[in-house]
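*Asks:* Residue strings, one per chain:
Protein chains: 2
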Amino acid sequence: MSFSEILKDSVAKVNGAVSALVIGTDGISVHEYISEKSIDLTGLSAEASTMIKDITMVAESLGLGVAREFSIVSDKFSIILRRINPEYYVAMVLKPGANFGKGRFILKMSVPKLEKEF
Amino acid sequence: MSFSEILKDSVAKVNGAVSALVIGTDGISVHEYISEKSIDLTGLSAEASTMIKDITMVAESLGLGVAREFSIVSDKFSIILRRINPEYYVAMVLKPGANFGKGRFILKMSVPKLEKEF
Numbered sequence: 186m187s188f189s190e191i192l193k194d195s196v197a198k199v200n201g202a203v204s205a206l207v208i209g210t211d212g213i214s215v216h217e218y219i220s221e222k223s224i225d226l227t228g229l230s231a232e233a234s235t236m237i238k239d240i241t242m243v244a245e246s247l248g249l250g251v252a253r254e255f256s257i258v259s260d261k262f263s264i265i266l267r268r269i270n271p272e273y274y275v276a277m278v279l280k281p282g283a284n285f286g287k288g289r290f291i292l293k294m295s296v297p298k299l300e301k302e303f
Numbered sequence: 186m187s188f189s190e191i192l193k194d195s196v197a198k199v200n201g202a203v204s205a206l207v208i209g210t211d212g213i214s215v216h217e218y219i220s221e222k223s224i225d226l227t228g229l230s231a232e233a234s235t236m237i238k239d240i241t242m243v244a245e246s247l248g249l250g251v252a253r254e255f256s257i258v259s260d261k262f263s264i265i266l267r268r269i270n271p272e273y274y275v276a277m278v279l280k281p282g283a284n285f286g287k288g289r290f291i292l293k294m295s296v297p298k299l300e301k302e303f
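If you're matching them up, the sequences are chains A and B in order. In case it helps, the numbering used here puts the first sequence at residues 186 to 303. In case it helps, the numbering used here puts the second sequence at residues 186 to 303.
Treat the hints with care, since some could be wrong.
Identical copies look the same in the list; a pair holds intra-copy or inter-copy alike.
What the hints assert, rightly or not - Listed below are the simulated DSS-like cross-link pairs for lysine-lysine, each with C-alpha atoms no more than 30 angstroms apart in a straight line:
(1) Lys198 <-> Lys293
(2) Lys301 <-> Lys222
(3) Lys293 <-> Lys280
(4) Lys261 <-> Lys301
(5) Lys280 <-> Lys222
(6) Lys238 <-> Lys280
Read the hints as simulated data drawn from the structure, not as lab findings. Remember, predicted model here, so these are calculated numbers, not experimental data.
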């Protein structure tokens with residue numbers, strides 16, 4: 186499966202998911218799948234880069250081990266980010282009322298598939 | 186219910202939850218309940234303060250609206266933070282394999298109870 190197919194498949198499996206993307210820790214979006222327009226994914230990629238750095242530092246400082254996933258739930262959208270490898274993350278954007286738990290699960294399941302594509 | 190009771194009750198309701206605390210956005214822990222020793226909660230409170238600021242800025246910059254909740258899932262522990270009001274957050278620390286979804290739900294349910302105590 187290609188990046189496109191994995192991302193599309195992941196969004197399709199989660200009620201309320203609107204997009205999924207592979208983001209480099211340098212802040213560049215590598216691949217995007219959009220089923221419904223939501224937030225600016227270029228902006229998200231750039232912000233994600235900062236968040237990944239901050240949260241990795243927090244996890245180290247608190248002795249949490251490797252930070253595998255982090256998420257933000259807000260009034261308008263939720264974002265889940267999951268680590269593929271030290272250089273890349275996969276993100277999913279969800280609408281309010283989306284199946285957040287399913288989103289976490291599907292994103293986790295997508296990681297080994299995405300890893301093969303690098 | 187007092188802070189103590191609400192936090193203790195929240196931890197008791199979630200399989201794998203080890204502690205819950207009320208954190209000020211200034212980085213000071215207001216109240217802690219610990220059922221099992223895990224990470225340094227003073228350190229968590231301080232780091233949470235930085236994360237709250239960063240994530241609030243990210244949410245604003247991406248037009249996400251108010252960030253209600255954020256979480257980190259790592260190899261050793263997971264942390265869920267939920268906004269009580271602009272000055273205070275409630276956090277839950279969970280062991281690997283904990284019921285993360287239940288943790289999110291219970292923390293959300295604790296917010297109106299905690300709000301009354303301020």
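*Asks:* Against the structure shown, which of the earlier numbered hints fail to hold, in ascending order?
*Replies:* Structure breaks no hint.
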